[in-house]
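Visitor: So you can see what is in the structure, the chains are spelled out below.
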Amino acid sequence: MADLTKLIPGQIALLQGNEAIARGALEAGVAFCAAYPGNPSSEILETLAESADSAGIYAEWSVNEKVALESAAAASFTGLRAMASMKQNGVNVAQDFICNLTISGSGPGGLVLITCDDPSSISSTNEQDARFIARLADLPLLEPSTPAEALAMVKFAFELSEEIRNLVVLRSVSRLSHTRAGLVPGKLPGERPKPYWDPKTSYFTMPVVPMHQKMHQKLARAGQIMAQTGFNRYEGPELPELLIIASGSSALYASEAIALLKADQKAGVLKLGCTWPLPAEMLLEHLAKTEQVLFAEEVDPFLESEIKAFYAQNVTQLGIKRFFGKASGSLASTGENSPGKLAAAIAGILGIDWRALDKDYADKATALVTALVPPREFGFCPGCPHRASYWAIKQTLAVDGRQGLVSGDIGCYSLGVLPTGFRRVNSVHCMGSGLGISSGLGQLGRFGFNQPVVSVVGDSTFYHAALPAMVNARWNQADYVLCVLDNSATAMTGFQPHPGTGQTASGQGGCKVDVESMCQALGLSYRIVDPYDLTATQEALYDALQEGGGLRVLIFRRVCALVQGRQGGHPYRMQIDQEACRGQECGCNRFCSRVFRCPGLVFDEASGVAAVDEVTCVGCGVCAQICPAGAIVAQPKEEVAA
Amino acid sequence: MAKASQVQRKPTAARLERLKTEVLDSGLCVACGACVGLCPHVLFYDGQVAAPDDCGLDQGRCYDLCPQALEPNQETRRKGLHALAGQEPNPPLGPYQAVWQAKAKSPDLAGRVQYGGVVSELMCLALDMEVVEEAVLTKAGRRGAPEGVRVRERAGVLEAAGSIYAAGASLAALNLALAEDSSHKLGLVGLPCQALAAAAMKAHQAYPAAAKRLSLVIGLFCTWNLPARGLRALLAAEGVDGPARKYDIPPPPAEVFLVETASASQEIPLAKVREKTLPGCAHCPDMTAELADISVGAMEGRPGWNTLLVRTPTGQRLVDEAVKRSLIVLEEPAQESLKHLRAAAEGKRTRAAAAWKER
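Going down the list, the sequences are from chains L and E.
Those letters in the first sequence? Residues 1 to 642, by this note's numbering.
Those letters in the second sequence? Residues 1 to 359, by this note's numbering.
The hints are simulated quantities; they were obtained by calculation from the structure and are not laboratory data.
Note that the structure is predicted; figures quoted are calculated from it, not measured.
Mixed in with the good hints there might be a few duds.
What the hints assert, rightly or not - What follows is a set of in silico ranges between Cβ atoms, one per label pair, in the way DEER data are often shown:
no.: 1; chain 1: L; residue 1: Gly608; chain 2: E; residue 2: Ala13; range: 53 to 63 Å
no.: 2; chain 1: L; residue 1: Val615; chain 2: E; residue 2: Ala155; range: 48 to 58 Å
no.: 3; chain 1: E; residue 1: Gly56; chain 2: L; residue 2: Thr125; range: 52 to 62 Å
no.: 4; chain 1: E; residue 1: Asp241; chain 2: L; residue 2: Gln477; range: 44 to 54 Å
no.: 5; chain 1: L; residue 1: Gly608; chain 2: E; residue 2: Glu331; range: 52 to 62 Å
no.: 6; chain 1: L; residue 1: Gln584; chain 2: E; residue 2: Arg150; range: 37 to 47 Å
no.: 7; chain 1: L; residue 1: Gln477; chain 2: E; residue 2: Ser337; range: 28 to 38 Å
Said to hold, decoys possible - Listed below are several chain L residues computed to face chain E (Cβ distance under 10 Å; list not exhaustive):
no.: 8; residue: Glu163
no.: 9; residue: Tyr234
no.: 10; residue: Lys341
no.: 11; residue: Tyr542
no.: 12; residue: Gln546
Here a beta-carbon is modelled for each residue, glycine too, at the ideal position from N, C-alpha and C.
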């Protein structure tokens, strides 16, 4: 990420999709940008934050996406152009505000919402298509296919928002946000107005029904404006045998597929960039010219369903058509699209004999992959405090012996459901939901429920969503133990700052809001432990489990291993006394590498003993506490040097 | 609770998995500690044995040593272990060379020992004679629950004196001692289940250190034991104020469980205590620790005295030396008392046979 104000207008530059979105906002004169980290959206705010000083704008990591959008809306009310960016789950968090904002309308300053979705759930807990929000809240929707288009669409989005006085949604996906392409940046604007909100102007949603009516009219007006843009384009024969209606990355895949199949005389692509409201005129024109339609989009059949409904409305005019897409099984209902999947679908419909891979080659490749490629599971980094935390939780719940449950949450520590976290976590859903679930479980004692409950939450999630659930637990006296895994970072998304770190997006100090202050404010008993000290942590957790009677908090405080790596690293050089190591015998059986599973520990098949992978091990010293033979030794680094 | 044979769904050779299925998850563990301290897969804390992970080995000591394991059953094991020692099983009291009433004489035992102080005095003598250099005993830990302790001197032995009435997995301490790179001899004071496990350790092919180094086992009479947490909860429910210094079960017809703290002495109805006993104890046929070198218990009708069963030459030598040094006094036991002792032991044997059959 760099200061995007340094780009030279008119000179081609290689930009990531997210950088293009950020640059588009700058060129549109955005003044206020807010976001919460979430892959694949994070680079948008990161870039704007780095450009903030030069551009004279405000870029903020907000505590969650709802507050981010609300803050941006406020700027819009004062006449400043504002933008909020998030991943698909963030749209869920902001949804209540969106559904009211669309009735009240935005302000004189254009307001744009960027949602970066994650088809195939490369880095998410769900695979959710956030385009629904446009239909739900009657908002204009833009779907760029390339970084250059994203830049242009962002600029347009601000203008459109000001025309109709409503929020405009621009939707990206991983393959766009994280791809890089050449594009030509434009000029940055000059002055911006001073923010002012005339007190005689109000933004509220009542009377609701007439304002709802007005909302529909705004959307129709937006459709008229969008029809003039040229973001919807057709390429292909005049009367295609197959019309592919596609949006976003899928439009590019469709074009590539047609080229692969040499089907450019038979198939054409109607690339839609303005996808809501549906471009009625254009659809009528192109539907009339074909008898077969294939819908290519990710992930939900959003256009597919809406256009089929539109078709039904106009069926007498259009006649019988055959529709292909997710409903027909031509393309999958889950996961990303790809050029190969599009090619297979098109070939199937047009009866073209085509195979992505030669069968012989495919069989051989599959066999080799199965035999030679080692299984790679998600894992905590070497030295990760979460490994130590989950170890302590697993051991303590085991000796507690009452079949305790662990309610998990969102962050690196979500991996507690996997072997790296000893599969100890029993539930993971969305930000803060771990505490809500624990709050419910903590009331079931009256029905005879006697399994102790441990809730695990990270420090960033704590501020994002956990606080209301904590108040609920305190107020309704829910019985559970909350473990706050405080590693001083929003690690999973790239070490963005949060209230507990005292840093803000601009890199300058903000007011620190620490976890223990929140606990004190709520009158909760809490203890701070160091997860690297397994015994102390286990004892503290065991004590908390025996206490009962309401919410108890343990703060597991230890800096993220990667952050520690940037701050001078860990203090030890780990070594294994191979004589003492028990290897595969009864008494161990590779406990360190097989059960504890730190990637810094490996088992040497040849010698039958454990070894430290010196490239991977960071020297945190935790494994020395779990070896039954005391064969793992943590030597302080200064001693080693001397 | 499900029968162990029902709980086992698919046959598995993995030792720890069998231990979990048959014993730990079936609620039959008596926290003797035989499986603890062998490896990091089995944990013991505040009275509870747990095994959160799988070790995956098909051969291993934990299952083989567990007194509660299904295969081979207790009767078969015991027969085999007695045979190894050249003994006949000799129910109901097990094999013995002599039986006495006994009492230790040293004044420093007063107020610290349960009855006659014979266990403590004999173990001290064993240390003194270097029959053993370290003794594994049981003592209340940080949270008040018992745990194994290793001592080398009289002071340490006396600190661990007195009946505890809760399971402390003290064999864990024995396992840890045996894992050390040392050759010094070890002694154990343990319950009947622990004496069985100790004999199994000495006989186990994969545990040569036990055969080499475990030189003396003093067993305690036991009818049943309590889980540490269960006892703690019971005491709290009965309003016992402060940590218990001494427990006792006076002879019938008292039917009470006596608890002494620093400030008070309290009687709890024995029926309430029996409700809380470890379910696994119902499967144990052994009241007098038949596989020990020496077994010691109360002397019916004679407070301050012990019943002493001498079972092996090792035991005999120790007792002879104790008499020679005037450390203990021996008297012929009353025939009535012996009759009652046999009846009690027979009763436990019968109950256990029924419980194993049902299992």
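Visitor: For every hint, state whether the structure bears it out.
Guide: To see whether the hints hold, each was checked on the structure:
1. Gly608(L) <-> Ala13(E): 53 to 63 Å: violated, 22 Å
2. Val615(L) <-> Ala155(E): 48 to 58 Å: Cβ of Val615(L) to Cβ of Ala155(E): about 52 Å, so the range 48 to 58 Å holds.
3. Gly56(E) <-> Thr125(L): 52 to 62 Å: Given range 52 to 62 Å: violated, Cβ gap about 31 Å.
4. Asp241(E) <-> Gln477(L): 44 to 54 Å: violated, 27 Å
5. Gly608(L) <-> Glu331(E): 52 to 62 Å: The hinted range 52 to 62 Å holds for Gly608(L) and Glu331(E), with Cβ atoms some 59 Å apart.
6. Gln584(L) <-> Arg150(E): 37 to 47 Å: Hint violated: Cβ distance 29 Å, outside 37 to 47 Å.
7. Gln477(L) <-> Ser337(E): 28 to 38 Å: violated, 57 Å
8. Glu163: Hint on Glu163(L): violated, closest Cβ of chain E at ~62 Å, above 10 Å.
9. Tyr234: violated, 61 Å
10. Lys341: violated, 40 Å
11. Tyr542: holds, 7 Å
12. Gln546: holds, 8 Å
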